[in-house]
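A.B. asks: One letter stands for each residue in the lines below.
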Amino acid sequence: MAQVSYRAGLLASLPAASAGAASPFSTLDPAGPVARIIARLWWIMAGASVAITLGMIALALYCAVHPSRPAALDARKWLLGGGILFPSVVLLALLGGGAYAGWVMAARLAPPPFVVQVQARQWYWEARYPETDRPQARSVNVVHIPAAMPVEFRVSTPDVIHSFWVPRLGGKVDAVPGRINVIRLQADRPGIYRGLCAEFCGAGHAQMMLDVHAHDAARLPDVLAALPEDGAQAQPRQRSGR
Amino acid sequence: MTGAPSAIARHRAFEEIWRSPPGWGRLAAVNHTTIGLRFILTALAFFLVGGVLAMMMRAQLTAGGSGFLDSETYNQIFTMHGTVMMFLFAIPMLEGFAIYLLPKMLGTRDLAYPRLGAFAYWCYLFGGLILLGGLAAGVAPRSGWFMYTPLSGSTYSPGINADVWLIGVTFSEISALCGGVELAASILRLRAAGMRLSRMPLFAWYMLVTSAMILVGFPPLILGSILLEVERAFGWPFFDVARGGDPLLWQHLFWMFGHPEVYIIFLPAAGLVSAMLPAFARRPVVGYPWIVASVVGMGIVSFALWGHHMSTAGISGHAAMFFSVASMLVAVPTAVQFFSWLATLYAGRPVLRLPMLYLAGFLAIFVLGGMTGVMLALLPFNWQAHDTHFVVAHLHYVLIGGMVFPLLAAAYYWMPHVSGRMPSALLGRWAFWLIFAGFNLTFLPMHLTGMLGMPRRVHAYPADSGWEWLNLASSVGGFLQAAGFGLFVLDVFLHVRTGRRSRHNPWESGGLEWAMPTPPTSYNFAAIPDLAAMPPSGAADPLWHQRDLGARLASGQGYLADPGRGQRETLAVEVRTGRPAHVVILPGSSWLPLASACALLVFFLALLFKAYAAVPLAAALSAALLACWAWRTGMRTEPLPMDAGNGLRLLPHAAARHAPGWTGTQLMLVADGALFGSLLFGYGYLWVVSPLWPPPACVTSDAPAPLSSVAALVAATASAAMARTRRALQSPKACCAWQAGAALAGLAAIWALCRIALYALPSPTSHAYAAISAAMICYVAVHAAAGVVISSHAALRCLAGYVSPARCLDVRVPAVWWAYVLGTGLLALGLLYGTAHTLA
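Top to bottom, those sequences are chains S and X. Sequential numbering of the first sequence, starting at 1, is according to the numbering used here. Sequential numbering of the second sequence, starting at 1, is according to the numbering used here.
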């Protein structure tokens, strides 16, 4: 009964999952090492969660409908084994996996990064490239990065809290007034990766999207050379606006 | 006893004393059965409002761009959905169940503070009406139910919307705090004779821990709301970076409340599960001490998790790791409870009735919710899933699975108790399957929606996002759920009229709440049970050991079985052993709770509409009504031992060392201390973390001002302490003089503190340092003002003959109050002046 409902739900989402590649915002279609490691963690945890949930349901059904003879029960075995040992073992494994994932990510992103400064505002994104030979250049709702090398995004905002997120590349980091929060990501190949604002920031929150353009490292200086400078009028570009 | 009355005559006499007045008089009712049912029905109404808001959201999100709601309206709707469900449904509904059930399960006649319970209801209703009024007027809050700054500050949310949230929610929080004080005091002190703390019904343990969590967990939000409202209205920059504040301070204060809040929601529901399961397993629960230890453990650990909501906000890596590990740790006590329940079923002879179906739903859904919770605790995964629909899916799995399903089970289980009739099993089963299937259709795919990148709180999404089919499935599920809940509500209201009469105790439970007629009498038990002879293993299910207990109690076998004194009486016991300690004389129906709540409503509305001229008047009116209320306690004559039945003679509570009023004062000071602690945290946090510190100007170290404040507070404390001595108590005039002295010293303290705030501190609008320092001074000053009122009240009580060596509660309260004010004053001034050198 409960299992049927769960299987139906899972089956229903499988077509969507396999079509996950079709979503430009999918964390399950990773385009960089951070997202890839996290996606792998997700699949392992998801599988374990489903197994444990189904296992608990099965155990509960057995307990509820077992043939009624008074069953001898060692309460301590149940409570120590099931209540304490079992979750502790699972959690330790999980923490170990998470620690390992974090270590691998740090190692992959260790080389000196390309630095981008991102300013989030209501309701658009502005990027600057301070450590290039065009520190005055700015791009609006587009961030240009080199592919196949670590990029450090330094995120801030002058107004309210936003959150900078490019799901196919990795996790998100909040833009908080008075702080510069930093995240390192990497795009393995040149391409366009969609990003969005992930912290509710007012009326225009749903439209506050951006594109990350990853270029071959050799082409990047030309791209940056074509950007307007500070003070030049650049209209924030609306994404399929609504 | 001469000529023992018959059971019928006894019943009539008790009803006469305990019943609520008819007609309009019902507004003055204080009886816990009435108040509990009021909370439940009002919370149900708010649930339906929240549900309609959810349906509107689902309708909007069905297709990415075709929404009928614009962004601003949608933002109000999702903010209100969260606010209504969390503040106006979840806590009050569970409070209602606790208020209704606990005295019955504990074998007593009412809770410790009947008028406070009624007052809590009215505060809840009025706070909720303020929020709904905002919604109806189109000015509902629209910054999300957690109201992050700076979005919710006056720059980015001008207009009254955010103030509606801050004031409406604070008003409802007062209700929850009062509920917490009342439930904790009642569980500790008002039980059946011989009911040991270590053997009381498990639901009482769950509610005891929950009440303690409320007392410590709600004040941070109340403080945060006060600070934000003051920032919005007067420009004191607690959260404004440009002037030394920090937006993350709001997040810390909010989540210090917010995380315990969800356990405050889960634990009572788990307590209801523990209360129902033994009846269906037909044996007492397995592992009682393990469950108690787990519940206490969860209560404590839940206060160490709040940072997991902020892992992307820029907190330190070490802090994030700590919160991550702690968040996973809390799965262990949860698992202990689950395995306890499963072991109980396994070792019992399970019988499957309708409530069990809902309990099965609870298990299936909550376990999956717990799994996704542990996943979210893992840091790298959190960075992807935070603020997406994955979190929305998780939170609904734990809240609906962990709270709503147990509530539905509890509703079906106790409906025969409330009405004496059985609900329809057919409607109940249909409702279950519709809700279960609809719920999973809505929220199971939503995990994937989040993993595919859909963030929270968007009213529209791009056509090429790939989220449309998933949102459509979720919306269809929403309609199924609505149908299911509709059937449930129909069943509840129909069964009162057309349900078949249930036999007494239809589930053959061992709980004391079934040792009375159903529907219940207004006085619960004609005699307070004596459980001293009960074997320890049986104490949690007394009815299984004495099947005729109900009949015996009705015939007067127990304590306080004589209604002849014509007043509402119940037994107070020693906390640990349950030995009878004194008799508590409870108040009858009163208009004071409603009147006081109305005065507070005027106060809050004046703040909301910025009619600041009316604020002091409303505050004074509220204080006057509360003083009237306090005046009606105590005795004017010397207390004499009363015949409590079974040969026992006990004093009334006015002469007792551990009177309910004393316990309540102590509990209230715990909550107050949590508020002050949050304020100190705010000062320390801003100092250490906030950019733009140190401030340009600090408090001028002008010695007389702080020294005179401390001197005045010491004088007040000493004076109040002198009033407590035996010599003073023997002479009402001396006692009155000491109290008056305390009040005068208090006034001097207020004057000195005001001088500090006005002359020694820079302007509070200039920098967060000045703002939070001024806030600390204000805290002490307000408490000193309350102390002046309390001491003046006590002085009058002395003159009116309420005070004697045996009746000293009126004098003990000012003494502890001034000690508290002195302590907080020393801490506040010490922090302020002690750090001035380091900061300057």
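Do not take every clue at face value.
Claimed, not checked - One side of the interface only, derived from the structure: several residues of chain S facing chain X at Cβ under 8 Å:
#1 G47
#2 S49
#3 G102
#4 V115
#5 Q117
#6 Q119
#7 G202
#8 D216
#9 L220
#10 V223
#11 L224
Since the hints were derived computationally from the structure, they do not count as laboratory data. The C-beta atom is built at its ideal place from N, Cα and C for all residues, glycine as well.
A.B. asks: Hint validation: S/L220 versus chain X, beta carbon distance must be below 8 Å. Holds or violated?
C.D. replies: Cβ of S/L220 sits 26 Å from chain X, so the hint is violated.
A.B. asks: Double-check S/V223 for me: the hint is only fine if its C-beta lies closer than 8 Å to a C-beta in chain X.
C.D. replies: violated (24 Å)
A.B. asks: Against chain X, run the beta carbon of S/Q119 and see if the smallest gap drops under 8 Å.
C.D. replies: Violated, about 14 Å.
A.B. asks: Quick check on the hint: S/L224 CB to chain X CB, less than 8 Å?
C.D. replies: violated (27 Å)
A.B. asks: So, S/G202 near chain X? Judge it on the closest CB pair being under 8 Å.
C.D. replies: holds (6 Å)
A.B. asks: Could you check if S/V115 really has its C-beta closer than 8 Å to a C-beta on chain X?
C.D. replies: This hint is violated: S/V115 lies away from chain X, its Cβ roughly 18 Å from the closest one there, beyond 8 Å.
A.B. asks: Given S/S49 as an interface hint, is the shortest Cβ-Cβ distance to chain X below 8 Å?
C.D. replies: Holds. Min distance 4 Å.
A.B. asks: Would you settle whether the hint for S/G102 is holds or violated, based on the nearest Cβ-Cβ distance to chain X being less than 8 Å?
C.D. replies: This interface hint holds because 6 Å falls under the 8 Å limit.
A.B. asks: Please check whether S/Q117 passes as an interface residue: C-beta within 8 Å of a C-beta belonging to chain X.
C.D. replies: Violated, about 16 Å.
A.B. asks: Taking the closest Cβ pair, is S/G47 under 8 Å from chain X?
C.D. replies: violated (11 Å)
A.B. asks: Given S/D216 as an interface hint, is the shortest Cβ-Cβ distance to chain X below 8 Å?
C.D. replies: Violated, because the Cβ-Cβ distance from S/D216 to chain X comes to roughly 26 Å (cut-off 8 Å).
Of the numbered hints given earlier, the model fails hints 1, 4, 5, 6, 8, 9, 10 and 11; all others are met.
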